[in-house]
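Engineer: Sequence:
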Amino acid sequence: MDIRSYDDTEMTEAVPDVFLSQLAAGEKTSVQGYVIDPGAEVPEHSHPHEQAGYAWRGEAVFVIDGEEHVVSAADSYVIPGGDPHRVENRGDEPFAGVDVFSPPRTDPDWQE
Numbered sequence: 001m002d003i004r005s006y007d008d009t010e011m012t013e014a015v016p017d018v019f020l021s022q023l024a025a026g027e028k029t030s031v032q033g034y035v036i037d038p039g040a041e042v043p044e045h046s047h048p049h050e051q052a053g054y055a056w057r058g059e060a061v062f063v064i065d066g067e068e069h070v071v072s073a074a075d076s077y078v079i080p081g082g083d084p085h086r087v088e089n090r091g092d093e094p095f096a097g098v099d100v101f102s103p104p105r106t107d108p109d110w111q112e
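Count the sequence shown with my numbering and you get residues 1 to 112, in order.
Any given hint could turn out to be false.
Said to hold, decoys possible - The calculated label-pair distances, taken between Cβ atoms and stated as ranges, are:
1) 52 / 5: 18 to 26 Å
2) 66 / 7: 39 to 47 Å
3) 44 / 3: 34 to 42 Å
No wet-lab data here; the hints were simulated from the structure.
All C-beta atoms, glycine included, are put in the ideal place defined by N, C-alpha and C.
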């Protein structure tokens, strides 16, 4: 069993004002924390991983196939693998939560 304290994780700025931290990674899944500052955007991208998430702070708009989906604190969501998507924080506070990826996604590259 691998136990890691949140205090021992490092946040990486993936794109301007979007921060990611690898919280845990196993053979079949990985858990990633995120913080998206107000006004920041995760550009459209896709990956083969199924992405299930839970937001604990703020609100953001996920855009999938041109359709906008508002995700607020205490909401959970699932994005099928391969679906192009982007995320915009249009609010006044950071949008934060965790994503679970299957198979594991250990080093996302938003420029792909």
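Engineer: Look at each hint and say if it fits the structure.
Structural biologist: Structure-based check of all given hints:
Distance hint check: the CB atoms of residue 52 and residue 5 are about 23 Å apart, consistent with the given range 18 to 26 Å. Between residue 66 and residue 7 the Cβ separation comes to about 40 Å, which falls inside the hinted range of 39 to 47 Å. For residue 44 and residue 3, the hinted distance range of 34 to 42 Å is satisfied, since their beta carbons lie about 35 Å from each other.
In summary, this structure violates none of the numbered hints.
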